[in-house]
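Q: What follows is the residue order along each chain.
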Amino acid sequence: MSNAVKLPLRLILLGFFAVVIQESAVSQISIFGVSADLTPLVVMSVGLLCGSLTGAVFGFATGLLIDLILVQTLGVTSLLYIVIGYWAGRLHELRDPSHELVPLVVGAMAAAFAGLGMAVIQFLLGVDAPVSLLLLQQIFVVVLVDTLLALPVYALVRRIVRPVLPEDPRRRRRRAYTTGGLSPLQQGGQRRSTFTRPKPL
Amino acid sequence: MHDKQVRRRRAVLALLVAVSLILLTAYFGETPSSPVHNVQRGVVEVLSPVEQGASKVLAPVRSVAGWFSSTFHAKTQVKQLQQQVARLTNEYAQAKSALLQNRQLSAELHLDDSLNLSSYHPVTAQVILRDPTLWYQTISVDKGTDDGVGLHDPVIGDGALVGEVTEVSATASFVTLITDHTLSVTARVLDANGDTGELVPAVGNPDELVLQYLQPPNPGQVQNGPQQGQLVVTAGFKSGPLESYFPANIPIGNVLPVDENQLLNNGTIQVAPQADLRSVDVVQILTKPQPGTERAQVP
Numbered sequence: 001m002s003n004a005v006k007l008p009l010r011l012i013l014l015g016f017f018a019v020v021i022q023e024s025a026v027s028q029i030s031i032f033g034v035s036a037d038l039t040p041l042v043v044m045s046v047g048l049l050c051g052s053l054t055g056a057v058f059g060f061a062t063g064l065l066i067d068l069i070l071v072q073t074l075g076v077t078s079l080l081y082i083v084i085g086y087w088a089g090r091l092h093e094l095r096d097p098s099h100e101l102v103p104l105v106v107g108a109m110a111a112a113f114a115g116l117g118m119a120v121i122q123f124l125l126g127v128d129a130p131v132s133l134l135l136l137q138q139i140f141v142v143v144l145v146d147t148l149l150a151l152p153v154y155a156l157v158r159r160i161v162r163p164v165l166p167e168d169p170r171r172r173r174r175r176a177y178t179t180g181g182l183s184p185l186q187q188g189g190q191r192r193s194t195f196t197r198p199k200p201l
Numbered sequence: 202m203h204d205k206q207v208r209r210r211r212a213v214l215a216l217l218v219a220v221s222l223i224l225l226t227a228y229f230g231e232t233p234s235s236p237v238h239n240v241q242r243g244v245v246e247v248l249s250p251v252e253q254g255a256s257k258v259l260a261p262v263r264s265v266a267g268w269f270s271s272t273f274h275a276k277t278q279v280k281q282l283q284q285q286v287a288r289l290t291n292e293y294a295q296a297k298s299a300l301l302q303n304r305q306l307s308a309e310l311h312l313d314d315s316l317n318l319s320s321y322h323p324v325t326a327q328v329i330l331r332d333p334t335l336w337y338q339t340i341s342v343d344k345g346t347d348d349g350v351g352l353h354d355p356v357i358g359d360g361a362l363v364g365e366v367t368e369v370s371a372t373a374s375f376v377t378l379i380t381d382h383t384l385s386v387t388a389r390v391l392d393a394n395g396d397t398g399e400l401v402p403a404v405g406n407p408d409e410l411v412l413q414y415l416q417p418p419n420p421g422q423v424q425n426g427p428q429q430g431q432l433v434v435t436a437g438f439k440s441g442p443l444e445s446y447f448p449a450n451i452p453i454g455n456v457l458p459v460d461e462n463q464l465l466n467n468g469t470i471q472v473a474p475q476a477d478l479r480s481v482d483v484v485q486i487l488t489k490p491q492p493g494t495e496r497a498q499v500p
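As given, the protein sequences belong to chains V and D, one line each in that order.
Using my numbering, the letters of the first sequence correspond one by one to residues 1 to 201.
Using my numbering, the letters of the second sequence correspond one by one to residues 202 to 500.
Because the hints were derived from the structure by calculation, they are not lab data.
Take every hint as true, because none was put in to throw you off.
Example chain D residues on the side facing chain V (calculated, C-beta under 8 Å, incomplete):
id: 1; residue: L335
id: 2; residue: V401
id: 3; residue: G405
id: 4; residue: S480
Virtual Cβ for every residue (Gly too), placed ideally from N, Cα, C.
Chain V with its partners taken away, still in its complex shape:
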């Protein structure tokens, strides 16, 4: 089976199991009075690893599945997750950040965007009950918990997706450079060592 088929298959399974595990187990575990939300982190990780287009489509599908399973207003979560997936993917395409803590920062921003975005959409749709200022505190705690989980979630998603990702030319160049493969010095040395003078006629 080619990687072009394996990647979508893995992403479909990843999205499905991420949502089921989130709703069946993770959301029932209370940490500092709130529940962690792994799904924006998974969408962010897929965007960072696979690019903007895949990130946006994955975000849309994951959000739609959440809205369907939880009988929520359709389109709300998918709209938020499209932005998270697309934006993480654009970061990968434009900057290709290689620092190990990038998923931590991007995960925090993804969780904050999901929390605040959901609040804004709910206000736009209309809230019949009084809103407590503690909402902001709750969103902050969720962002904090999600930030702590961003690195392990990213590592897990990378482990699942990496083997079937098409080789990125920039990443290949960088890897080759750091291992000395494309270093001008080494190339020079290699050239010198392998260079054989033509015998004089």
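Put chain D on the given structure of chain V with help from the hints.
A: Showing chain D alone in chain V's frame:
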């Protein structure tokens, strides 16, 4: 080549956003019997066995994490609970005496004792899904129409009202919790006046509800109004053929410290839900709340 990629990327993004907005608009404006809602119910029907299986498989993980969480939580609650035990012991003695008196008087007047929960045919259900967001306070349980569960049936957990069935399939149901902003309950404070109002959640604070539209007491007689710790129960109103979804006298929570200004000016007080809505694992659905030709909820 690059331009083509950019155009394709933008087109897909625009398409996805447009589909999301169309779904949102269609869902928001339609009635619960619309095709979009039916599709959603179909997906729930198909996936509920998977969710039930996942919930059972992942139960040990939840238990371990719950143990740590409960231990930390319990330590912070010890003092508060000791005070509560002292207060409740006192109230229990009074209630016991009132119960004896009530039995004697009821027997004398030949009144029907229908406040026992068993008369509402409760069905015990396991929580299989929980919504993690702060906005949708819903849970999914593993009992549906096959077990006699119907739309708008009241749901009880930890001996108090938890919510209402708002979506039901053959094998699973969705319960909207009392902390969800779409749900309101007519409730009564068990004080001297029996003050009745509308109980709504305080969005963003899952540990608090707001009882509003209370009749403000006269400024000199605030002590006759709601006081901290008093029990709040369902009012179970009946007006002609219309009845509340919830039978009367189901405990909901306790009155939090009363802000006199808020009570006198706005007729509102804060209430702490009695059931721990974040960790409730087993609930009871009252499948026959009460006989009635039509039922309605306020507002």
